[in-house]
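Residue numbers (UniProt numbering): 1 to 265.
Derived by calculation from the structure, the hints in this document are not laboratory data. We put the CB at the ideal spot given by N, CA and C, even for glycine. Worth double-checking, as some hints may not be accurate.
Claimed, not checked - Here are the computed lysine-lysine pairs in the BS3-like style, where the Cα-Cα straight-line distance is at most 30 Å: (1) K230 to K97; (2) K140 to K107; (3) K117 to K148; (4) K224 to K240; (5) K140 to K230; (6) K166 to K104; (7) K140 to K167; (8) K166 to K240.
What the hints assert, rightly or not - Simulated restraints, written as ranges between beta carbons of each label pair: (9) I259 to Q108: 40 to 48 Å; (10) G145 to L202: 35 to 43 Å; (11) L21 to G145: 37 to 45 Å; (12) E201 to R163: 15 to 23 Å; (13) K199 to H15: 34 to 42 Å; (14) P52 to D111: 27 to 35 Å; (15) M101 to K199: 43 to 51 Å; (16) P25 to S218: 41 to 49 Å; (17) P52 to K166: 15 to 23 Å; (18) H15 to E81: 20 to 28 Å; (19) I259 to K59: 36 to 44 Å.
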Amino acid sequence: MALRWGIASAGKISHDFAVALSTLPASDHKLVAIAARQKDRAEEFAKLHEIPNAFGNYKELAEFTGVDVVYVGALNPQHLEIASLFIEHGKHVLCEKPLCMNYKQSKQLIDLAKSKKVFLMEAIWSRFFPAYQYVRQQIKNGALGEIKEVEVAFGFNLGGVDRLTKKDLGGGVVLDLGVYTIQASQWGFQEAPQKVIAKGELNEEGVDQHIEAELQYSGGRVGKLIFSGKQELANKAIFKGTKGEITVSFCNYNIFMKINSLFNF
Numbered sequence: 001m002a003l004r005w006g007i008a009s010a011g012k013i014s015h016d017f018a019v020a021l022s023t024l025p026a027s028d029h030k031l032v033a034i035a036a037r038q039k040d041r042a043e044e045f046a047k048l049h050e051i052p053n054a055f056g057n058y059k060e061l062a063e064f065t066g067v068d069v070v071y072v073g074a075l076n077p078q079h080l081e082i083a084s085l086f087i088e089h090g091k092h093v094l095c096e097k098p099l100c101m102n103y104k105q106s107k108q109l110i111d112l113a114k115s116k117k118v119f120l121m122e123a124i125w126s127r128f129f130p131a132y133q134y135v136r137q138q139i140k141n142g143a144l145g146e147i148k149e150v151e152v153a154f155g156f157n158l159g160g161v162d163r164l165t166k167k168d169l170g171g172g173v174v175l176d177l178g179v180y181t182i183q184a185s186q187w188g189f190q191e192a193p194q195k196v197i198a199k200g201e202l203n204e205e206g207v208d209q210h211i212e213a214e215l216q217y218s219g220g221r222v223g224k225l226i227f228s229g230k231q232e233l234a235n236k237a238i239f240k241g242t243k244g245e246i247t248v249s250f251c252n253y254n255i256f257m258k259i260n261s262l263f264n265f
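From just these sequences and the hints, can you work out the full model?
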């Protein structure tokens with residue numbers, strides 16, 4: 001039986017999710033409902049993606065018995081409230097990143113999901129890219145030796161994107177781009193950093209726009225991160241080990257691997 005999906009919010013990222021879901025076998029996944037705060041937006045979304053059920057509020061979707069799991073694509077500050085609503089009604093939830101605005105909210109949501117015995121996951125798409133899975137496997141099987149340093153640069157000029165620059169919309173590069181750089185560092189070291197040193201720039205609303213950070217791990221290992229919404233950066237990650245290194249570019253245009261002076265692609 002196909003897993004029956006609902007979508008909460010009719011914004012751009014939800015459109016992207018609907019298109020991606022449509023590429024999967026209908027016998028496995030079926031998009032059956034959309035909810036938005038305005039009924040006309042939900043109906044327009046439903047018509048575009050051929051979805052049979054459209055709701056003008058999230059409570060109706062939460063109470064709809066024809067859905068198994070809901071993708072939450074709303075603005076960042078709304079994640080806790082909306083995801084909690086679906087979890088309270090026994091729905092599994094795939095929540096767009098960031099899961100919540102801070103640690104306290106995230107723990108609250110995770111604890112709720114555990115208490116209701118439902119699935120909850122933060123939707124960070126790069127975790128499932130074949131290229132990144134390859135990198136993680138190389139690290140896991142020791143091909144690079146012990147990882148000593150991870151360098152990540154990820155940045156674009158995003159000055160015109162309100163959801164990234166406005167405080168009330170949950171903006172900031174830490175929650176938008178930073179999650180990818182921190183994730184890469186965690187892949188390399190598989191443990192929490194012992195110390196974090198960071199500096200950055202804020203816009204006139206006090207929203208972070210450019211960050212440089214150093215994550216210090218046990219044994220002198222380090223993750224060096226830079227992410228920016230003000231400028232285009234190199235947009236790549238480099239994993240450096242005692243036996244070699246791997247460089248992976250944004251959106252996986254290529255992987256460059258060097259092991260004991262031998263180059264592999």
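So, going through the hints one by one against the coordinates:
1. K230 to K97: OK: K230 and K97 at ~20 Å, within 30 Å.
2. K140 to K107: Measuring from Cα to Cα gives roughly 28 Å; hence the hint holds.
3. K117 to K148: 38 Å, violated
4. K224 to K240: Between K224 and K240 the Cα gap is close to 11 Å, so the pair holds against 30 Å.
5. K140 to K230: With a Cα-Cα distance of about 34 Å, the restraint between K140 and K230 is violated, given a limit of 30 Å.
6. K166 to K104: 22 Å, holds
7. K140 to K167: With a Cα-Cα distance of about 39 Å, the restraint between K140 and K167 is violated, given a limit of 30 Å.
8. K166 to K240: Outside the cut-off at roughly 36 Å; violated.
9. I259 to Q108: 40 to 48 Å: 44 Å, holds
10. G145 to L202: 35 to 43 Å: 39 Å Cβ-Cβ, so the 35 to 43 Å window holds.
11. L21 to G145: 37 to 45 Å: 40 Å, holds
12. E201 to R163: 15 to 23 Å: 18 Å, holds
13. K199 to H15: 34 to 42 Å: 36 Å, holds
14. P52 to D111: 27 to 35 Å: Given range 27 to 35 Å: holds, Cβ gap about 34 Å.
15. M101 to K199: 43 to 51 Å: 22 Å, violated
16. P25 to S218: 41 to 49 Å: This hint holds: roughly 44 Å between Cβ atoms.
17. P52 to K166: 15 to 23 Å: About 35 Å separates the Cβ atoms of P52 and K166, which means 15 to 23 Å is violated.
18. H15 to E81: 20 to 28 Å: Given a distance of about 22 Å, which is inside 20 to 28 Å, the answer is holds.
19. I259 to K59: 36 to 44 Å: 55 Å, violated
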